[in-house]
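Visitor: Given the structure of chain A, go ahead and fit chain B onto it with the hints provided.
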Amino acid sequence: MSVHSDAPWRVVSARTGLPQQLRDIWAYREFLILSVRTQLKVKYKNSALGFFWSMLNPALYLVVYYIVFQVILGSGIPNFPVFLLSGLLVWNLFSYAIAGATGSIVGGAGIIKKVSFPREILPLSAVGAGLVHFFLQSFVLVLALIVFKVSIGWEYLPLLVPALVSLLLLGAGLGLFLGAVNVKLRDTMHMIELALLAWFWMTPIVYPFMLVEAKGGLLAALYKLNPIVWIVITFQRTIYNRAVAVKTTNGVKTITHILPVDAGFGYYAWHLAVVLVVSLGLFFLGLAYFGRVEGNFSEDL
Amino acid sequence: MTTSVSIRDVSRHFRLYHERYHTMKERALKFGKVPYEDFWALRNINLEIEEGSTFGLIGANGSGKSTLLKCVAGILRPSEGEIQVRGRLAALLELGAGFQGELTGRENIFLNGSLLGLSQRELTKRFDEIVAFSELEQFIDSQVRFYSSGMYVRLGFAIAVNVDPDILVLDEVLAVGDETFQRKCLERIRAFQREGRTIVMVSHAVESVRQICDAAAVLDGGILVASGRPGEAIRSYREHLLDRARAREELEVAHQPHDEALGFLTDQERRRTLHVRITGSRIEHMAGGARGRLLPDAGIRIHVEFESRLTTEDVNFGLAVNDVEGRLVFGTNTRLLDQTIGVREGAGEAIFQLDRIPLLDGTYTITLGITSYDEGVVYDWREEALQFEVMNPGGSVGYAHIPIEIEVTSSPLSRGVVQ
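In order, the protein sequence lines correspond to chains A and B. Under this note's numbering, the first sequence has 61 at position 61, and the numbering climbs by one with no breaks. Under this note's numbering, the second sequence has 1054 at position 54, and the numbering climbs by one with no breaks.
The following block holds chain A by itself, in its conformation from the complex (with noise of 0.2 angstroms):
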């Protein structure tokens, strides 16, 4: 008669540990595919455009800086929107999964309230849904790179592979403390939008990283700590693969430093692998806090 006297305990208690939450999300991995799926349905189910709408972002970022930075300021870097993508849609995918998973556990009030399951699902589900739209820019990254002909350091594709981890684990770190303060500091969602602002601009991604390291010091060393800035230049020196522009004009020659140009394969992977442990310690880090504070969430929403 006994159903399932063999079947495991779970202990219900104040608090969870790193594994238990890790086997608890894997757990629930399906769920929280589908529940990335659903968000992106519902964006966008009842609009006309649809999926293009999370194409057409970059496209117009693209016709806007192209203007202020190319025509109005003459950065003086050739194949400019290669140069603009390769940065933004490493940012995009960050910046929405901060943004989304800020808000996912307000938002999800009401099954959290009512439903027993992983509630990291909700602010990872962000990050995934971010990762979506990453591959869907991807196709506007694409098309820059036949239009413009530009051919891709392909000694440096493998890089981007621990470049996207460390993006999806700081996303994620970051998203799981962001959700679970803002449960308790409603002000952390606006406040959230503003730093993502200044963020974006202490990331090279509309100039070149060369103009902040060739000024070195103080303000280079604390801009190098940023460690979406390695990623961003990963992504930059395989896909735009281009350290430095020469430009001849009327016998003057102008050369613009957009990457290191001493740097190889070496620099990039270890300042990378750097930056993979760091991002592994805040997503535990950040995994961690939301473990502490997940049992009051039904209490405070």
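Treat the hints as calculated values from the structure; they're not laboratory data. Every residue gets a Cβ at the ideal spot worked out from N, C-alpha and C, and that includes glycine. Check before you lean on any hint, since a few could be wrong.
One side of the interface only, derived from the structure: several residues of chain A facing chain B at Cβ under 8 angstroms [to be verified]:
#	residue
1	A14
2	K41
3	S116
4	D262
Derived list of chain B stretches under chain A, where covered just means 3 residues or more per stretch with a C-beta under 8 angstroms from a C-beta of chain A [unchecked claim]:
#	region
5	1067–1075
6	1078–1086
7	1107–1116
8	1378–1384
Guide: Below, chain B without anything else, positioned relative to chain A:
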């Protein structure tokens, strides 16, 4: 028997904020200090729920029963102690929680099913069964936001019961849908019981706990007051309620002349204080003084001694006979019998004469109650105050003793018919 849910020393406290300071500005102004009070919704609860049993949690509003249920379901975490749960658990706290209005019924089955812990493979396998149970075949491909509330709930229930849980956690959700659907839900729950699954439920309806549950626990003010057989638990629940009402009444009486706070009570409400109480009860066998077992169709007299503080006609005497499984065999009261009665100040006795009890084997309990005439106020209530046993001398089996005479006639077959 093995244990299915083990609640060990569980406490849960809430912070009651006098005001909620959610924004930075407010926090900064208060220097990060938010005034709050600790409130214990549960205090050191210990319970073991046996595998295959149906366990009811009863208590008044704010007793902590729903908090405990949410802890068992894993929606809330206890502040102290732990709850161990064995097997897959499904909680039906709100049917259709997590439905996405923009998605179709079909898509929601997969989304909601996986939220409840089912794999896509299992869902594909059970899809037809879920749709059939919900009776939404025609509407399964339309968006859920166009569903009526009844359809919504039906789909929610159909998914939840198909999670194939070892432990089902219910929070009075069965009071939804039309009567046919309610009956269907109840049938499904009976099937769960037969299959040896564990059910943990919260209910305000004491009678349904008595009928459905094998065991029950009573909570009051976050403390476990009693646990055991449903009958015992219900008795202590009722006694608890009465004690409270009496305490309140005494307070009222003590403060009446000068307390403005009670000024809002109308005269009628004031009159309705708990002025009649049961002081004793006994069974008298009409066949003789023997206190032994009753034979079918024998009669009993039930004597109820009471004490009244004033002379009134706003009174109603009632009794209920239940069998060991908690089923109501018989129940009535003076109002239902159109009998107008009154009590005088002082002691008195009510006698219920049951001339013939047409029951067969079994032990039966008698619950006694004195209420106001409209049953709005319970003056006193004695759950399972008395007990009697009926012994069947043989001759028939079953539940009720129905007088019978059997006559058999035979007429010889006419040979011509059979060829």
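Visitor: Now tell me if each hint is right for this structure.
Guide: How the hints compare with the structure:
1. A14: holds, 6 angstroms
2. K41: Hint on A/K41: holds, closest Cβ of chain B at ~7 angstroms, below 8 angstroms.
3. S116: holds, 4 angstroms
4. D262: For A/D262, the interface hint is violated, since the closest Cβ of chain B sits about 46 angstroms away, which is over 8 angstroms.
5. 1067–1075: Coverage by chain A holds here, the residue count being 6 at a Cβ distance below 8 angstroms.
6. 1078–1086: It holds: at least three residues are needed, and the region 1078–1086 of chain B offers 9 whose Cβ sits within less than 8 angstroms of chain A.
7. 1107–1116: holds (count 6)
8. 1378–1384: Answer violated; 0 residues pass the 8 angstroms Cβ test.
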